[in-house]
Amino acid sequence: MNTATFKKPSVILASIILILAVLAALVPGLFTSHNPLSGTSGALLSPSLEHWFGTDSVGRDLYSRVIYGTRQSLLGALVAVLVGLVVGTILGLIAGAQGGWLDALLMRIVDVLLSIPSLLLSLSVIILLGYGTVNAAIAVGITSVATFARLARSQVISVSSLDFVEAAYGSGASRFQVLTRHILPNSLTPVIALAAVQFGSAILQLSVLGFLGYGAPAPTPEWGLIIADARDYIATSWWLTVLPGAVIIAVVMSANHLSHIVQKKAR
Amino acid sequence: MTARQLWLRIGQALLVLLATYTLAFILLSALPSDAIMARYASPDLGLSSDEINAIRAEYGADKPLIVQYFTSLFGFLTGNFGYSVQTGASIASMVAEALPGTLALAISAFVLACIWALLIAVAASFSRGLRGFVLGLPSLMVSLPSFWIGIILIQLVSFKLGWVPVIGASPVQSLILPALTLSIPIAAPLAQVLVRSIEDVERQPFISVVKARGASRSRIFFGNVLRNAILPALTIAGVLFGELVGGAVVTEAVFGRAGIGQMTVNAVANRDTPVLMAVVVIAATLYVLINLLVDLLHPVLDPRVRRKERA
Amino acid sequence: MKKRAMPLSSIVLALLLGVTACGNVTQHASEAEDDIVTYLEPNFFKTLYPPSAGFYANGGVLNQVTDRLLYQDPETLELSPWIATKLPEVNEDATEYTFDIRTDVTYSDGSPLTAENVVKNFDLYGKGDKSRKLTSSEQITNYDHGEVVDEDTVRFFFSEPAPGFAQATSSFNAGLLSDATLDKDTTGFAPGKATEIIGSGPFVIEDEQMNSSLTMKAREDYDWAPAESEHQGRAYIDGIKYVLAAEESVRTGGLVSGQGDIARQIEAPVEKHLQEQGLTISSHSTNGVTNQLAFRFRDPRLSDIRVRQAIIAGIDRDEILETLFSDSYPKANSVLSSSALGYQDMSQYYVYDPDKAQRLLDEAGWVRGEDGIRSKDGQRLTLNINEALPQPRSREVITKVQEQLARIGIEITLNPGDQAAQDADSKDINKVQIRHTMVGRADYDVLKSHLHSDNRDSLLNLDEETGELGDPELEKLLEQIASSPREEDRAEASAKAQRMMAEKAYALPLFEEPQVYGVQPYLEGFEEESIGRPNFYNVRINHDRLEESQ
Amino acid sequence: MSIHDSLVISDLAVTYSTSRGVVQAVQNVSLSVAPGQITAVVGESGSGKSTTAQAAIGLLADNAQITAGTMHLGEIDLARLTDKQWQRIRGPRIGLIPQDPNNSLNPVKTIGASVSEGLEIHTSLSTEARKARVIELLEMVGIDNPEHRYRQYPHELSGGMKQRVLIAAALALEPDFIIADEPTSALDVTVQKTILDLIDELRHSRNIGVLLITHDLAVAGDRADRIVVMHDGQVKETGYAASVLSDPQDSYTRQLLADAPSLSVASVPQRRSVAGSVRAQQSAHAVAPWQRDVSAQAEPAPLLSVRNFTQKFGDFTAAENISFDVQRGTTHAIVGESGSGKTTTGRAIAGFSSPTTGEILFEGKRIDPKSKQLRKHVQLVYQNPYSSLNPKMTVGVTLAEPLKNFKLVGKSQIKERVARYLELVSLDPEFASRRPAELSGGQRQRVAIARALIVEPELVVFDEAVSALDVTVQSQILRLLARLQEELTLTYVFISHDLAVVRQISDTVSVMSAGQQVEYGETERVFSSPTSTFTRSLIDAIPGQRFRDGSLNMGL
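Residue numbers (my numbering), protein chains in the order written: chain A, 154 to 420; chain B, 76 to 386; chain C, 2 to 551; chain D, 4 to 559.
Looking from chain B toward chain A, a few residues come up when the C-beta cut is under 7 Å (computed):
no., residue
1, Phe222
2, Trp223
3, Gln230
4, Tyr362
Looking from chain B toward chain C, a few residues come up when the C-beta cut is under 10 Å (computed):
no., residue
5, Phe234
6, Val329
7, Val343
8, Ala344
9, Asn345
Because the hints were derived from the structure by calculation, they are not lab data.
Using N, Cα and C, we set each Cβ at its ideal position, and we do this for glycine too.
Work the whole structure out from these sequences, hints included.
Below is the structure:
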């Protein structure tokens, strides 16, 4: 990426949003003085200077819940992406590099993973592992393993056919060296770009789990849960769903945008 | 595709189905609590654990897992889907009631999504001024939580503007908002792939050659670019199907539509394994069929593939 | 080139036209030629087998299509004749009930409601049938058998006194069904088979869209409403359309936009909004065990009465009710609702006094740690509460409790999970130490259903491993309620039990849980039966007001 | 010939706006094409020749802008046309023959549909009439069985066929001018000749003016009436073909002339005569090398001996019964067109595949593809310098890798050794810290050569190692290889499609066609008196015939 890319206003904006989100996850206290866990004044107050996003149905400051929710949401998305990325890439790498029956077997396993409805898979995994942010994140991550594996495999196969891979064998490199030093680094860019997209989609999937009642246990502030809980009051208190929704959209869009930049550069 | 390849492909598909079935069975059996508990341990029935165990024996749920596995597999192979433990309803009739609605939803959402994707692609190619805005749309669409879209659409379009009823709507009316809701997250990746592959195709030398024939922009786009650009979009259709099913769960829940999605959520909540196995079988079969269809469609759209397979 | 562009643009155009063509389709469901009332229900029914019909959605259907031997007035809770021509004759120890029944009643399939049929009903409800996976009714205890005395008289025999039986015959859990229906197995009562459920009630199930909607039609020849009812004969409206609208916002929006006529389960914060929009809020007490936190006193931490008292004193119910609920949710003064049979005011035991709470905990040796949570002998004072998913705003209630008890040094955690997980965990004292629950039933027996070790055992009084009871005295009182033949004795036992619950600080009643409905102003005569299930028999549409509202 | 019916470009300047700012692509370019004449624009990559061609047909990229100059087609100033106006010019007035026929036909359209597209846009012919016309056109450009081809798809045709189809499509509207943008650079040399012949013939018969864009001065010399030499966006020299080639005025033109292998007949460096040179007067099939070895005891054992090498991939035979010897310190060339099996043979020699049958002996021992030791002795240099270097690694790391893997030198010496080899291939040792993306194609190929040589191998296989490079760079690399061979006593196997290059650098040569070795022998002998008709046709197809024959001078 050259410097011109970084100067595009959309890229700057997306980066700022993500940096703010990460900051909010690390030091939420920087952004708000309200307690996200205990009610202050009345419930369902509309936005004001005191409560920027209003208060929720229990009377807690919504803005501070969104800020404190950043940690859970980003952590969840991160875990989900890591599960998919690590497991998927390893599977794809082995399949692509090894070929033959192992490839066929691994790809059929991927088919199986893809043919079970992902939501059913993640709900089952949550019930199996128990409720909680990390478990929900793992469940979401498992559903993306197949996508990562497929991408990694096709990357590995296309990179393997490049001359420098054979040249590396020519330079006396062992199979493992070729895999780790030559194939893997050159296969990763699209995989990383996918990870960024998945990061956004994991936030959304986690929020869907919250909607269905399988998300983080209350009173943990978590974005999906915040929206899911507030949806009942949309007719009376629209800001409860719309404002946190806007925050999710901003963060997910930023992650996607940066991912596309990475992808474009990789092409 | 030669007949041999087709058979091979079908054989592979059946293998995947069986593996999916087995994996799902193991996964669901491993879940804590079960359908019998979920139904009969409910406190308002006031049943003792002895009574519940007797009921469990009645359902055959006390037999070893391997026996249950083969019983259920044999049932599916012979077309006997069994009964929901939670409600006692025949699963075949549940599916018969739920599937058409879900298919109608999924198909209309998919068609809508294709239209959005095309519109976005066309707008991005034709209007330079709006290009930046239009290209941002898929990012936005993919960033919206689907239940959130649904709830807001209901509030705005139905309750505030009164354009479409949500309650007591005719079958066509009741399809409009859910299909719209479901189409948005599906349209986004489709549009992204389409826009990207249009960009790729537009860079191809043959487009310059067509331009050199004096072709107009619309002829270049509709007559030459589009068909080439659709091929990569076709390949992700199979993957998008998973999204459709997942999205259908949420959409059906929000709109209170009967369908496979709602059936799935209810069945998960009640650990209703027989129903879930049916859902898995249906979804996996659809998945396999759609991918088979994509494979078969590819040579129709792409003559290059036809040749290779004949050789 | 134009040629190619055409189909696409025409599709788009057609789509846009299609959407606008549907413009302004809003109409009141009841505006159609027939007076059909659209009823928005958050859940679809799971079974129509009466003994299993406790679930709101199930009862909501059965209450319209079945008649009962006796009728219970939802306000006074008094029993009066319905299919039975008069109140039953009961023997001295309440082990024999004799009913005289009407002979002019027919089921909607044309078959007559006979004495044999009534006995067949109660034989099934009283004993269940394992081979058909049909369970017995929780409300009908000690049932032995029924006998046809003559063509209009039936007699039921019980192995032990069953004083609650008369009331049990009035609930929709004992709705009378035709012989053919009674021969079904569990599958026959399942969703998808609703049109085959044949009762003698004022409405008949005409059409079922599984998991989506249910249409009921008024029965033209219905002529056996409860004797007490002023309204006799056919229902005023022509039918009811039950529509599944799981989303709260859809039910509310549906009412406000006029797409629905009645909606069940209106959350408290929305009530005001609906009233502002001109809708009526109808709430009805469930007349049973109040919405409460039940302390499982066999837990080592909760076994100390001071801890239980501290929790009670540490929870500010007024704040909870004010923040989360509305006037439809009266503060509870006992484990029973003020409208329930046998209610006794115990409010002096349930006073908010945080200082006292702190003192009690200090006395009991619980010392605050660094994070403010108390502990004793290395054990933290952390207690887990289940989420009562069917109860209104359970999660929010627990959130407030969490917040309030944290102030006095008790940590409350919410047991996560869906209904199946909650049900499974609620039997385990290691998982759930405080149970958030309520029970709706308009009989003295409701306390036994709530607490007895054979029933829900909300306190987990019984240790399943050792078979020992934590508090045998309580168990004895509950049995007295359920088996004393004389009503005065039952009332007295119930009062004693309520006092014991209060004195021993076994539970903190929060509020008297209502069923809350949003009703269009042009609908008149909407009522709830004794535990809050809807009753459409007396509903009528005021067409003048309907026109006004448009 | 009047200026009024010519295509005249004067003082054209084009800029590209890129993320790095505005880049001047061409400046002050003036040229003209008269009807029935060929004007060739010659230049290397980046010279601006393609930009000029694109400007002339109005197909500049979106980020390009004409900042000065005019382009006249008769009365019309093309530089001022709107998009809509251009649509009426392109096709009926100016046609295009593209560079790479393999990517220039819509893959999902039939040949017929592609050729008739122009007719569909610009004429009101009926469907039947269009079809008749298309078939007529296909026939005219030498497509066999045009009725059948009409229904076929591009992938079913060979590259040469596709180029004929594209010529037919360009001619369909009978344009006055045709822009031919490197029309043959993607084609085999024999095909190239027939296509150029076709263009040549058509411009005569139809009086079409052709703007021929080419990198190959020899092609321009063979075909053009006028030549424009471009370099760095500027015109270096303009003139009649004969005068530009025979009497170049500009130093850059002179260098191009000197570096073009096919034009440098006179300057072929004298190869050392090869000890015990191959005596084969017939094809290698008749007398196998090892049979000869018996009779020629005096000859030293060859470093590399390929015996009856056959490689099959499934049902497909890529190479069959190939035999030749390579003596230490000599260069053996394997020459052939695409699909001839030359790369297959080269890869087997480098040990990246095992022969299906036959054997390859290195120093008398069979080559074992699994042996790591083999890599120390035999190295392969690839055709495409853009894919043969790991883009994530710096040059230094790439070069150090074989040193570490083979533990050739101690850790401390690695840096010094890398620097030495960079110098050896005439690169600054500073390059060690750069990544491939920062290097030009020629520089990358030098790095690739350094990587091959750093293990001090005895045999290096070059697989089309210079064919992706510009002539001047190619010439530098060839000189470098010659120097290195001398200094390090290396043995080369040089795989190429370019006979001119082969003739310049090799001692012995194998000519391959369709997996067979059709000729084998000393290079000079093969070129002067080829025994196979295929070799003959290959040699005849080498462009620059006119120059070598001296007919350019006579043309004056």
